[in-house]
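Residues per chain, in single letters:
There are 2 protein chains.
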Amino acid sequence: MFNYEGILEKIGELLRSKRYAALRDLLESMEPADIAALLEDSGEEAMPLLYRLLPKELAAEVFVELEADSQEMLINGFSNTELREVLDELYLDDAADIVEEMPANVVIRILDKAAPEMRKSINELLKYPEDSAGSIMNMEFLSLKKDMTVEDAFKRIRRIGGDMETINTLYVTDPTRRLLGVLSVRDLLLAESDDLIEDIMDTNVVSVTTTDDKEDVAQAMSKYDYLSMPVVDRESRLVGIVTVDDAMDVMEEEATEDIEKMAAITPTDKPYLKTSVLDTFRARIPWLLLLMVSATFTGLIITSFEASLAVVPVLTAYIPMLMDTGGNCGSQASVTVIRALSLDEVEFSDLLSVVWKEIRVAVLCGAVLAVANFGKMMLVDRMLLGNTALTPLLAAIVCLTLVCAVAVAKFVGCTLPLMAKRIGLDPAVMASPFITTIVDALSLLIYFQFASHMLGL
Amino acid sequence: MFNYEGILEKIGELLRSKRYAALRDLLESMEPADIAALLEDSGEEAMPLLYRLLPKELAAEVFVELEADSQEMLINGFSNTELREVLDELYLDDAADIVEEMPANVVIRILDKAAPEMRKSINELLKYPEDSAGSIMNMEFLSLKKDMTVEDAFKRIRRIGGDMETINTLYVTDPTRRLLGVLSVRDLLLAESDDLIEDIMDTNVVSVTTTDDKEDVAQAMSKYDYLSMPVVDRESRLVGIVTVDDAMDVMEEEATEDIEKMAAITPTDKPYLKTSVLDTFRARIPWLLLLMVSATFTGLIITSFEASLAVVPVLTAYIPMLMDTGGNCGSQASVTVIRALSLDEVEFSDLLSVVWKEIRVAVLCGAVLAVANFGKMMLVDRMLLGNTALTPLLAAIVCLTLVCAVAVAKFVGCTLPLMAKRIGLDPAVMASPFITTIVDALSLLIYFQFASHMLGL
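Line by line, the protein sequences are chains F and X. In terms of this note's numbering, the first sequence opens at residue 1 and continues consecutively. In terms of this note's numbering, the second sequence opens at residue 1 and continues consecutively.
Mixed in with the good hints, there may be bad ones.
Below, computed lysine-lysine pairings styled on DSSO-like, alpha-carbon distance capped at 30 Å [stated by the list, open to error]:
#1 Lys155(F) to Lys120(F)
#2 Lys261(X) to Lys261(F)
#3 Lys146(X) to Lys155(F)
#4 Lys127(X) to Lys10(X)
Listed next, with one range per pair, are the computed distances between beta-carbon atoms [unchecked claim]:
#5 Ala389(X) to Glu67(F): 30 to 36 Å
#6 Asp174(F) to Val277(X): 51 to 57 Å
#7 Arg234(X) to Glu44(F): 38 to 44 Å
#8 Glu100(F) to Val277(X): 20 to 26 Å
#9 Leu290(X) to Pro392(F): 20 to 26 Å
#10 Met378(X) to Glu67(F): 44 to 50 Å
#11 Leu351(F) to Leu111(X): 42 to 48 Å
#12 Leu290(X) to Asp88(F): 55 to 61 Å
#13 Asp174(F) to Leu111(X): 35 to 41 Å
In short, the hints are calculated from the structure, not lab data. Since this is a predicted model, take the numbers as computed values, not measurements. Glycine is no exception: its CB is placed at the ideal position from the N, C-alpha and C atoms.
Using the sequences plus the hints, can you model the full thing?
Take a look at the structure:
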């Protein structure tokens, strides 16, 4: 949307000619996320210098957007005063996120320099399980009492609204902090100044608990079009809010995680180019080893059929095609079901309708593939390429296997993720590579059964 | 988060006993998205009845959340007055979305009953390309002039704010509608009532144009933590806004689309269980056919090596393992790069660093896999299973192939998506199934080359 490379170059020039005022003006004219990216790309030496040019509040906003290793580098260079200044400007949930990523010595220094109240809150936030609503919520939010007037509410917003992450949605609580209702700042603006909050608030309010999965929270916010979601503790007391910007980040992370798991990769939360070779290797090798070992079964099946393959060697040529097609059909079914599961479109109780649907799709796909393949084997392989060993009977065996392999693949592909979900496993790890291995073995078994019976081997 | 099945049952009971007042109270206590789901699950007969119980404004909110076929059914049952009432309550972007999904006869009726202004706007919105910012923007937004005071702004919000989708972010435009700045309703609340808008507005405002890809818009909103994104036309005039709830929907859709493409499925925008068997079949079969035909190459390679396989039949048993491992390595690399591309973490100019990284990962993975496989072949296949035909030389051939296949797979897997992006294709279609087919052929070629040279076949 803007000329990133050009600006990066300009920053380099201004740095070299030490035109710091111009640099500050240039940086100030941009969004925190862009400034963060520019700082990181301007080199390790320039980053602290550029960072110090930023006005205090903007500096804190940029700090939040930096990668963890850049944050660590900056903190290590900060004087105690500088560190305290940054911490004072941070929202609690951002501060807790940063603390989570830092090595112990940096954490100690941060907690030491943070205001006592922030220290306490950070400690509390860090106690929530990693993927819970509690871990991403912000404990600073604006709450109102039901017997306030609209005018009282405006006074309260004017007094403390400046320190809150958002005031677009306001929550109404009773003296024990139980959530009674919700209203938007627009409701306030459109009401009369002596209206009572309880008369204009909406008492239908969906909330989540601190231990709910953050993915479900993001999903619910998207479904209900909420800008913030109230988080309550086990005693239904309002303890925090999750804002929509954090929900978007969660959705993006979770989609990436699902995609990685589907490709047999252990998810990491770092951007690709920032992940070290060793980390990438570690995320990939366990699955490769596991899947390699499970491919042993296909090897065993072929070995047991070696003698027959030696008699009719042309059968071997179609093994890869049968395996690939089975694998592709299986991954189409599994990936569709896995995605539907994570979007809450499907659940375990839909098992029968999912299977029934996949079976019908399999029959259609199998029929078309078999006909196309029979035609191709006869016209291309036999006539065009002159492979006379390929009789119509052999082609029929391959095509029958194809139909069965497609059906088996679709069935295995759609049931395994649902089963995994049912027993509490992550459905995404049941994706293509895993299912391909199973489907390969089954396809080969079917192939060799047809071959032995129909050829009398 | 609440007992959906229980509520559905209760609705059935209340319907049977015709307790409509209780039904209305029950429905009114829920969120529009939940009411829509309940209506759809309560059966075709009950739906119009339940819908008519809803108060006007809530009814419109529920209408927007329904699936297209339910909307169509309701519209067909509406009297002209009912249709006009629903249309009057809809936001423009929602109305345009609905019109887009309806068959021609319904569209004509909607446009006929819509207020002239809405008709004009719907027509304008429908002119934007399908995946553009223009197609998802809302043309009703609140704009201010820079010489207004804060008090003037509040008056304007009180006058027309009730009809707007959001007033959380306000845009400042000049008399030719050019975007000058932005401010939040909080900025207004914290300012003095005689402050001028131009003194408190933020002139750093990122905007998108009507023709920008909606995926990029959602990405930018997530990056900048915007609740709404201003959309300008080619003359930089502010013509609409995209709100964060729509951006979240776009992100979810795009992730689903990417996942589907990666699994060789043509994306559809309907939920899994609502897609007909024929549509699912149509989305899957073209890729299966294409991939089946391309598997012909692997068949040809095996055929050309048939004579040698007959001499050393044990070689055949390792074909599936080599193919699967190559395929898995390739899909790990491709899926990682494809996701990094859609999150803007990587671009074509990073090709060299991506390749360099994947090569190092491949060396590590290849070495570990080869060692593990050599051990397994010697200990399990030869000693435990007594396959004496399996000499250390044969095992070495398999393991050497494995190392090369992993390297080739990682290389092909990471370069193809980048190439696709470069020439303007969608990188996601270059995912696993496609790459597996290429990697299979290459792995087999490597295998047979090693075998012929090292065994002198």
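Right, here's what the structure says about each hint:
{"no.": "1", "hint": "Lys155(F) to Lys120(F)", "verdict": "holds, 28 Å"}
{"no.": "2", "hint": "Lys261(X) to Lys261(F)", "verdict": "holds, 16 Å"}
{"no.": "3", "hint": "Lys146(X) to Lys155(F)", "verdict": "holds, 26 Å"}
{"no.": "4", "hint": "Lys127(X) to Lys10(X)", "verdict": "violated, 44 Å"}
{"no.": "5", "hint": "Ala389(X) to Glu67(F): 30 to 36 Å", "verdict": "violated, 54 Å"}
{"no.": "6", "hint": "Asp174(F) to Val277(X): 51 to 57 Å", "verdict": "holds, 53 Å"}
{"no.": "7", "hint": "Arg234(X) to Glu44(F): 38 to 44 Å", "verdict": "holds, 41 Å"}
{"no.": "8", "hint": "Glu100(F) to Val277(X): 20 to 26 Å", "verdict": "violated, 47 Å"}
{"no.": "9", "hint": "Leu290(X) to Pro392(F): 20 to 26 Å", "verdict": "holds, 25 Å"}
{"no.": "10", "hint": "Met378(X) to Glu67(F): 44 to 50 Å", "verdict": "holds, 45 Å"}
{"no.": "11", "hint": "Leu351(F) to Leu111(X): 42 to 48 Å", "verdict": "holds, 43 Å"}
{"no.": "12", "hint": "Leu290(X) to Asp88(F): 55 to 61 Å", "verdict": "holds, 59 Å"}
{"no.": "13", "hint": "Asp174(F) to Leu111(X): 35 to 41 Å", "verdict": "violated, 49 Å"}
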